[in-house]
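**Student:** Same order as they appear, the protein sequences are chains B and R. The opening position of the first sequence corresponds to residue 1 in my numbering, with each subsequent residue numbered one higher. The opening position of the second sequence corresponds to residue 1 in my numbering, with each subsequent residue numbered one higher.
Treat the hints with care, as some may be off.
Some but not every residue of chain B turned toward chain R, in silico, with C-beta under 8 Å [said to hold, decoys possible]: (1) Gly7; (2) Leu37; (3) Arg41; (4) Val44; (5) Leu50; (6) Ile55; (7) Val57; (8) Lys72.
A few chain R positions that, by computed beta-carbon distances, are all more than 12 Å from chain B [claimed, not checked]: (9) Asp16; (10) Ser18; (11) Ser28; (12) Glu33; (13) Lys42; (14) Ser174; (15) Met177; (16) Lys311; (17) His391; (18) Asp396.
It is worth saying that the hints were derived from the structure and are not from the lab. A virtual CB, placed ideally from N, CA and C, is assigned to each residue, including glycine.
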Amino acid sequence: MTILRIGEVAIISYNYQEVEEFIKSICDRIDIRNDRLSFGRFEVNDQLALYLYGISVDNKNKSISWDLISRKTLGFIVIFDWEDKKILDAIKPIIDYFSRNFNVPIVIVASIKDKKDPPIPDKFFQPDGIPLSLNSRFTFGQTDDPESARNIMILLINMLIEKLS
Amino acid sequence: MEEIEQVKKILIVDDDTSYTVPLRNALSKGGYEVVCWDDGQKALELAKNLQADLIIAEVELPQISGHDLFKEIRSIPAYKSVPFIFLSSQKRVDDRIKSMELGADDYITKPFYVEEIVARVDALFGEISQLSEQQSQSETGFSGSLTEMNLVDLIQTLELGKKSAILKLKHNSSIGMIYVMNGEVIDALLDDLSPEQSLMRMFTWNTGNFYVEMTSVNRERKINELNKELITAGMRRISQWERINQGLPPLNSVVIKTELNTYEDLSGEENEIIQGINEKKKIYEIIEQSRFDDLKSLAIVKSLYQKGYIKESEESFISYTDNYVAQLKKNASQSKTTHERVASIISNVFKNSVKEKKLIEEQRNERRQLPDRRRYGRRRDDRKRESNQIHLTKADLLLIRERLS
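Chain R extracted, bound-state conformation (with noise of 0.2 Å):
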């Protein structure tokens, strides 16, 4: 059922006209329901009728100050989370570090564009839609990285607590669901591969989002092993996977043949791959694409990798990313496609994907247990890591970027 989105209605608090309809009409322009008062203490009361979902006030009011307005206003239970922005003619840093320590969502000082506000207005309640959206999501299930909590992780975490559950992963351009019932794995899906497969390649998935919806699952049951047994296939197979993914470069790399062109060296299984590989092509779908199980396909692509029999694509990140571009310029209704493409390419380039982040705290870690560590001390590193902090408060930061906008 398509829901019907109510109209927000917005308060504005000023006693200078000459902002306030030029303000009210705008907003009104922009789908706005807008109430304009020019007194503090008469808006404190019409906002108790009102149920505003925002309030926009200046600090200097009549009567009542815009900052003890403001504190009114969200000591009624009501307004204990509506958004709240301010407005003034106050240039001093002071004035407007107040306002934001108070609480308030933004500080507009004036002069200011109508066109501004409506802007901010409407970044204000696209965030608090955003945020309700993932909270309401949050109350029936969980989300993440993959490269925080992996599948095994996911599985030992709904077993403890016996739950039914699907998950949802997402790797790449791949997305499997697994079935969980009283904290069993039942069942598994991903493109069409059978469920002990699927959730064998899915055990592999380091990297990629997962989404656990916590809901009753009435399925008929395809994965008889237990969980236990699962867990010990999957750690198997990630340690094996992990193993021989050493030395290949990362799995979203395009390879392509390299000029050895004859292949009597090579096993069968070697050679049906190399011939499956005509154009350039991500290690990954080179994988998924293959008729054999992932581990031994990975296998035989390092192995023609090592031999020398395909090679990460000569053409640079720059050129390589021209013909996207050039493929954007012919199709620029794929943007969010291409976008992650690129950011992909990019993200390969600069090598410093959170994976190696995780790598490199792994091997800090290590140094710092090592028996001889005393006699090295503490590495510049990790004190460096520890120096860095921001100097400024939020406030300044804020005021920086209203400047600089």
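Same shape as in the complex, but just chain B (with noise of 0.2 Å):
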């Protein structure tokens, strides 16, 4: 194997299994595993790859060096349980700190669990998300569904397209 580019992207939750789920939705399976990070590859042909590494930003990890982390990230998905309150609140200012100190995209994304009944009318799985900012779009997505992963990665990616246009 010869992998001669390669993107990083961080998946940020407090969930640690959504950030697991999402992985495993894009990348198959979950390379690497520890108590702070887990870490997948998709890797597009040999010589270029995405790197996933997926962060759960509970109690263990407070005091994460985001200054290392995003110094060769192409940005952010930062995904919140779209139903529990308390978790958007200790999530906001997480997407606050990546919008005022990196100049990368963010995609937020508000986790819905059962895409069977959502709560959400299906129009609002916005291909181009919902703008917040200039660098962060807003969508609804479902972790543990490769189709819903994958349109939130190519959402980040799109933005990325964008930004280099």
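Take the two lone chains, each set in its own frame, and fit them into one complex as the hints suggest.
**Tutor:** Have a look at this one:
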């Protein structure tokens, strides 16, 4: 395997299960897992790959060095449980911090558990996301659904392409 | 007069009929006129007479390579900007990158689903028509965000060139018009306000969009003050507005009355405003519906907020949005309006609006100018912003997107 170009994406959530579900939906499996980080590899071909770093920001991970993580990150995908207001409140400062300090795209995902009976009509799964600022988009998504996870990732990639255009 | 849209012509150059036949059928069904050719050299001759709107070509062709065909076609003046899509069985990254670097609009690997190609072709034509619409708009005027350029800036710009134009400003759900003749503001329209009141309100709009249509204006002059006087009044108003606004939540925040229900301590004007807040209302709605001048209304709302008679709606963003969702389920046809409303609610929650970013940038600039800057050195924030960069090329990103789809 001779991968030459790597794009790194950080997946952030309060719930490590959500992070892992998302990575598995994109990469099929988790390559490395420890108590702070889950890692998955999405290989486009033998020269290009996306590395997904999943970080759950619960109490254990209070002292994460975002500066280091952000240095090579293409963008952030921040997932929160749509039903749980406490999680939204907790994740807000992190999103604010990313927006203020890192000039990279941020996709904010309101995670919905059961797609069969979504609380939101399908048209709210906006392919372009709802723009919140120049660098951030909001969308709904289902982390354990590969199609939904891929759409979220495509949204981030589209933002990057836009940035380069 | 309704414009008749011409059928788009697509030229497919590929010697493998197992791909061209289903592709031609699918594109024809999609409403396109399709011509297929199996030889690159002959296709080049054909292209000169066909005036195709799009060319789809295999990279490896007999006689002439797809890349050479691309270069030859693009050298014809009429084909300088005709979109070009490469097809290829090659999965090598280099090959794709070369195609993209040449300037192709897309690169599709075989085998492919014809539906996918039709969707991409539709999307490509959609982008082109959007672009040409924007270009035709920019020929007669210009548009932008009020955050970047407010009304004072716009008037000054038009005054400098002694231009005549109609300015259209959009802020929340309001749309205002300003007529400028030879660089002088002569009239303004907004709801049922007088021309002067309309203008004064629009001076305070620092979010939303503007569109300037450069056109001759023949209209009775209803604003007699000179631009200089208007701008001075406008600047003063902006400064007063911002001063009063400090300490208030964003103006599109929803507020409700608190449990305080004795209004004896309030002035008559405050009483009048609070009596009008019988249900949840956005702050700007209270101001717009008030019979007082906007500055006065804003000051009254601030006073009521500071005295604890009104507060931001306690319902969380989620439960509040849930109400909208319930509404949406009832009336699915309002997607655009509600989409914008949900976006505005979510924006408030995350508080990372462009305005706030601008403020942060201003604060950062102030810090940079501090005399003890040398002692503290550069802030980490400054460094971080500069360190982020995209390490992949556009071609890499297109490949990733293709693989994800």
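**Student:** So, for every hint listed, does it hold in this structure?
**Tutor:** Each hint, compared with the structure:
1. A distance limit of 8 Å between C-beta atoms decides the matter here; for B/Gly7 the minimum to chain R is near 5 Å, and the interface restraint holds.
2. Checking B/Leu37 against chain R: minimum C-beta separation of about 20 Å lies over 8 Å; hint violated.
3. The beta carbon of B/Arg41 comes no nearer than 13 Å to any beta carbon in chain R, farther than 8 Å, and the hint placing it at the interface is violated.
4. About 5 Å separates the beta-carbon of B/Val44 from the nearest beta-carbon of chain R, less than 8 Å, and the hint is met.
5. Restraint check, B/Leu50 versus chain R: the minimum CB separation of about 6 Å is within 8 Å; hint holds.
6. Using the Cβ-Cβ criterion of 8 Å, the hint placing B/Ile55 at the interface with chain R is not satisfied: the shortest such distance is roughly 17 Å.
7. With its C-beta approaching chain R no nearer than about 16 Å, B/Val57 sits outside the 8 Å limit, and its interface hint is violated.
8. The interface hint given for B/Lys72 is met, as the beta carbon of that residue sits about 6 Å from the closest beta carbon of chain R, less than 8 Å.
9. No beta-carbon of chain B is positioned within 12 Å of the beta-carbon of R/Asp16; the least distance is around 23 Å.
10. Taking the minimum C-beta to C-beta distance to chain B, about 24 Å, the non-interface status of R/Ser18 holds against the 12 Å cut.
11. R/Ser28, annotated as away from the interface, keeps every beta carbon of chain B farther than 12 Å; the closest lies near 27 Å.
12. With a cut of 12 Å on Cβ distances, R/Glu33 stays outside the contact zone with chain B, its closest approach being about 29 Å.
13. The non-interface label for R/Lys42 is consistent with chain B: the shortest C-beta to C-beta separation is roughly 34 Å, beyond 12 Å.
14. Against the 12 Å criterion, R/Ser174 stays outside the reach of chain B, whose nearest CB is about 21 Å from its own CB.
15. The Cβ of R/Met177 sits about 26 Å from the closest Cβ of chain B, beyond the 12 Å cut-off, so the non-interface label holds.
16. The beta carbon of R/Lys311 sits about 17 Å from the closest Cβ of chain B, which is more than 12 Å, so the claim that it is off the interface holds.
17. Once the 12 Å rule is applied to beta carbons, R/His391 is inconsistent with being away from chain B; the minimum gap is 6 Å.
18. Not every Cβ of chain B is farther than 12 Å from the Cβ of R/Asp396; the closest lies at roughly 6 Å, contradicting the non-interface assignment.
The structure fails to meet hints 2, 3, 6, 7, 17, 18 from the earlier list, while all remaining hints are met.
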